[in-house]
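J.: Chains as they are written, first to last, in the numbering used here: chain A, 248 to 704; chain B, 248 to 704.
Derived by calculation from the structure, the hints in this document are not laboratory data. Since the structure is predicted, the reported quantities are computational estimates derived from the model, not experimental observations. Ideal Cβ positions, reconstructed from N, Cα and C, are used throughout, including at glycine. Among the hints, a few may not be true.
[Claimed, not checked] Heads up, incomplete: computed chain A residues facing chain B, CB under 7 Å, no partners named: (1) Phe450; (2) Ala538; (3) Asp546.
There are 2 protein chains.
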Amino acid sequence: MPGMLIDVRRFVPEALAGFCDLYGGYVQAVPGGVIRSRTTADAKVALVIGGGSGHYPAFSGYVGAGLADGAVVGNIFASPSSRQVRDVAHAAQRGRGVVLAFGNYTGDVLNFELAAERLRSEGIETEIVRVTDDIASAPDDRRELRRGVAGDVIVFKIAGAAAERGLPLPDVAALARAANERTRSFGVAFRGCTVPGASTPLFALDEGVMGVGMGIHGEPGIRDQPLCTAEELADLLVTRLLLEAPTTASGRPVVLLNGLGATKSEELFYLWRHIRARLDASGIDPAAVEAGEFVTSFDMCGCSLTMGWLDPEVLELWHDPVHTPALQRGSLPVLQTVSNIAPAPPPAPLRGTGGMEGRKDVGRFVRVMGAIAIKLAEEEEELNRLDAVAGDGDHGRAMAAGAHAAHEAARAAADVDADLKTAFATAADAWCDAAGGTSGALWAAGLRAAASALPLR
Amino acid sequence: MPGMLIDVRRFVPEALAGFCDLYGGYVQAVPGGVIRSRTTADAKVALVIGGGSGHYPAFSGYVGAGLADGAVVGNIFASPSSRQVRDVAHAAQRGRGVVLAFGNYTGDVLNFELAAERLRSEGIETEIVRVTDDIASAPDDRRELRRGVAGDVIVFKIAGAAAERGLPLPDVAALARAANERTRSFGVAFRGCTVPGASTPLFALDEGVMGVGMGIHGEPGIRDQPLCTAEELADLLVTRLLLEAPTTASGRPVVLLNGLGATKSEELFYLWRHIRARLDASGIDPAAVEAGEFVTSFDMCGCSLTMGWLDPEVLELWHDPVHTPALQRGSLPVLQTVSNIAPAPPPAPLRGTGGMEGRKDVGRFVRVMGAIAIKLAEEEEELNRLDAVAGDGDHGRAMAAGAHAAHEAARAAADVDADLKTAFATAADAWCDAAGGTSGALWAAGLRAAASALPLR
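Generate coordinates for the entire structure from the input sequences, incorporating the hints supplied.
T.: Pasting the structure below:
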């Protein structure tokens with residue numbers, strides 16, 4: 248969309264700095280994202296959510312009392328790195344364990360799962376909750392493959408309220424998973440978004456056509472069909488969701504109508520009027536209704552409908568007070584602002600254990616990584632161009648940044664006479680942390696696999 | 248923007264019905280708009296705000312405890328009729344008078360002032376507050392000609408808090424006017440909005456260009472200039488506002504960054520970071536900051552910056568609790584939902600006093616109005632087409648609806664043997680109420696002038 252000229256490399260950190268300045272009463276910046284800026288009443292399980300940028304209020308808008316303890320902030324439409332997830336979790340945790348909750352996308356799964364392993368190895372109990380509410384993205388019998396969209400809000404809210412009540416880690420994770428099991432979303436897209444710094448939309452739809460079931464990053468939907476009226480759209484959304492309702496669904500779901508960015512409030516209200524009529528006709532009396540922007544995609548035109556058929560004890564958690572930048576409900580005690588958050592401990596320092604033989608091996612490794620970094624820097628534009636056809640055009644940037652960081656890490660390993668295994672492992676972490684996203688996690692996995700095959704000296 | 252197929256004649260009432268259904272805890276529908284759905288603590292001055300649709304959360308999103316008592320809801324980008332204003336004020340008022348507050352646009356001024364006269368004639372004390380914060384729309388020495396934009400929120404909030412505290416009518420109006428006197432806004436547009444049912448934007452900007460000072464309906468700005476960076480935009484907005492600051496301004500303004508619709512949260516946060524840096528450089532430490540969507544224009548791309556250099560006792564009112572669909576802050580007692588709102592009294596019934604001579608005159612008037620109504624129905628499309636060049640393309644519809652209603656009213660007057668003066672007066676009200684907007688008010692004024700020149704029989 249037309250707007251300011253944006254330096255896309257600075258966009259995410261500077262937007263995050265602006266957000267933290269505006270909402271200092273709720274959040275503070277930490278390496279990798281944000282955590283709450285006010286004390287909580289007592290030690291509790293920490294809920295850490297996250298994903299790529301471009302979906303505000305997901306994810307940082309949901310940090311605050313009654314909801315998340317921290318949010319990990321990735322690059323535009325790219326997963327945060329596992330290092331970011333680990334660092335935010337360290338800053339947010341209070342000794343009673345961490346729930347990592349996120350939408351079910353490849354990059355996020357790789358990085359959050361890797362972070363969970365790192366956290367557990369550092370003595371922090373960690374549970375993973377993947378949100379899989381988008382019924383358009385896989386059939387009912389393969390629900391574990393479905394993407395997470397606006398159902399995020401229901402799952403995060405349930406987990407956040409359970410944690411705020413002081414429930415132990417297994418219960419918080421189980422309640423969040425139960426909410427996810429009973430939550431379904433279905434959406435349509437009318438026009439793709441234009442990410443900051445780009446001049447054309449990420450994807451295009453034919454004139455007069457909408458993408459039924461299309462994902463929030465333009466992932467393929469079920470079909471394209473001609474634009475329809477609000478009555479017809481309400482019927483399409485409600486009918487599909489009711490077909491997929493859990494078999495033991497009560498008649499009182501939580502219902503969210505989510506605008507993707509440029510489909511504005513009054514249009515959502517107009518559509519809501521017809522959704523309500525359609526629900527009435529089906530004998531459905533929602534336990535709660537909301538319409539607004541919950542999980543967006545910059546200026547994408549479109550909307551999705553979410554229904555969560557929560558069990559009564561889970562539904563109670565939906566109604567618990569919440570006090571975040573994006574979602575506020577009920578009264579909570581006013582809490583002190585705190586700034587004495589312990590920073591995440593740095594990774595263990597490199598040990599110099601390579602010896603003469605190791606020095607030769609590591610020197611060779613540094614030269615190989617240097618050659619890779621040079622080649623990827625040369626090809627950055629071409630890789631971006633190729634990625635722009637199918638994705639958001641940042642693959643070259645991620646690869647160049649990852650390879651550069653891995654080369655630097657290998658050199659640092661050589662400087663302290665580390666052995667080859669350590670050099671590979673630190674290069675793996677550096678690539679992943681600098682590149683983020685799916686590719687960063689994949690290249691790091693490759694280097695780490697090599698490291699694990701090497702002998703420890 | 249692409250989206251649902253929308254029946255533009257049903258858009259505003261159905262969107263309003265959807266809004267009231269979603270936010271029943273705050274608002275309820277009444278003829279002409281919405282009022283609060285919960286009791287207030289005590290008798291108080293009623294704040295009634297309003298204007299055209301398409302600017303959500305302006306205006307109905309600001310109805311609730313601590314802010315407005317009612318909002319009058321006009322058609323898309325068109326003033327509500329004076330009848331609507333009167334009806335909402337009747338439903339909202341509690342015997343201590345009414346403040347009518349709105350942005351300074353011709354149609355709104357005509358209709359709200361006419362409504363104020365009607366209300367006063369019905370025994371309800373009424374004060375008018377026009378918001379004039381847009382510094383791009385007239386020079387400093389003609390501030391009374393300026394348009395109202397996001398400064399609405401500051402003025403409404405101050406009036407609402409003053410009324411909630413139980414202050415008497417003259418004080419509420421004076422505090423609101425004082426806030427308006429010290430509030431300035433300046434904005435830029437990157438792309439025009441596309442109103443529901445239209446297929447192209449209301450106005451266009453050249454590629455790579457932004458409209459500096461352009462109004463929220465596409466009113467001409469100061470100049471077009473090439474798109475610039477966030478640093479440059481922050482500098483442009485802050486510099487212009489500081490040049491126009493009230494001479495006795497303290498260094499602690501309330502600062503609002505308003506997104507017009509499709510310039511999304513993360514872009515606003517990114518820009519905010521640079522606005523904060525620019526304010527710091529000028530030694531300005533805001534008393535409060537907010538960024539979000541306060542007064543929008545469907546999917547228009549652009550933003551505006553507002554600063555209100557409020558006096559300390561006025562600033563206190565800014566921080567008072569508020570509980571509305573769009574703005575929530577602090578704690579307020581939970582109030583009962585009420586549904587026993589007295590409907591506005593109907594206008595006095597027509598009296599049959601024309602006699603034989605009157606019957607002939609009124610019969611002639613009915614035929615004239617009938618001919619006008621037929622002609623305007625024939626020309627509806629052409630008038631819409633002409634209006635679409637300069638406005639939002641609904642002039643034909645308004646004229647046809649107004650003339651039809653005036654003809655019906657003249658016939659009803661004839662049916663009860665009303666005299667010619669009464670027939671003209673009722674036709675005037677009917678035109679105004681059915682057409683709304685500026686044209687409705689102007690044609691009604693013409694018919695009413697004719698009525699006042701006729702003898703009372």
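J.: For every hint, state whether the structure bears it out.
T.: Hints versus structure:
1. For Phe450 of chain A, the shortest C-beta to C-beta distance to chain B is roughly 13 Å, which exceeds 7 Å, and the interface hint is violated.
2. About 5 Å separates the beta-carbon of Ala538 of chain A from the nearest beta-carbon of chain B, less than 7 Å, and the hint is met.
3. For Asp546 of chain A, the interface hint holds, the least distance from its beta-carbon to any beta-carbon of chain B being 4 Å, beneath 7 Å.
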